[in-house]
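Take the sequences, apply the hints, and build the full model.
1 is the number of the first residue of the sequence shown in the numbering used here; add one for each residue after it.
Just so you know, the hints here were simulated from the structure itself, not pulled from any lab data. Just to be clear, a hint being listed does not mean it is correct.
Stated by the list, open to error - Computed Cβ-Cβ distance ranges for the label pairs, DEER-style:
hint, residue 1, residue 2, range
1, Asp17, Asp37, 27 to 35 Å
2, Tyr11, His31, 30 to 38 Å
3, Leu39, Thr15, 16 to 24 Å
4, Thr5, His31, 12 to 20 Å
5, Tyr9, Asp37, 16 to 24 Å
6, Asp16, Leu39, 16 to 24 Å
Ideal Cβ positions, reconstructed from N, Cα and C, are used throughout, including at glycine.
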Amino acid sequence: MQKRTFKIYRYDPDTDDKPRMETVELELEGHERMLLDALIK
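Structure, rendered in structure tokens:
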């Protein structure tokens, strides 16, 4: 497994005053190389 770090720009007008950056670290298998694979996880 490899640890990957994703920085995601997020904004929810119902809860946030302004957009924010969120850092997410995930452990991914070798076949999980796409951002979509990480988001589904």
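To see whether the hints hold, each was checked on the structure:
Taking 27 to 35 Å as the suggested C-beta distance range, the pair Asp17 and Asp37 conforms, at roughly 32 Å. The beta-carbon spacing between Tyr11 and His31, approximately 31 Å, falls within the hinted interval of 30 to 38 Å. In this structure, Leu39 and Thr15 meet the distance hint of 16 to 24 Å, their C-beta atoms being roughly 19 Å apart. The supplied range of 12 to 20 Å is met by Thr5 and His31, whose beta-carbon atoms lie about 19 Å from each other.
Distance hint check for Tyr9 and Asp37: the Cβ-Cβ separation is about 19 Å, which falls inside the suggested range of 16 to 24 Å. Between Asp16 and Leu39 the CB atoms are about 19 Å apart, so this pair conforms to the stated range of 16 to 24 Å.
Taken one by one, the earlier hints all hold for this structure without exception.
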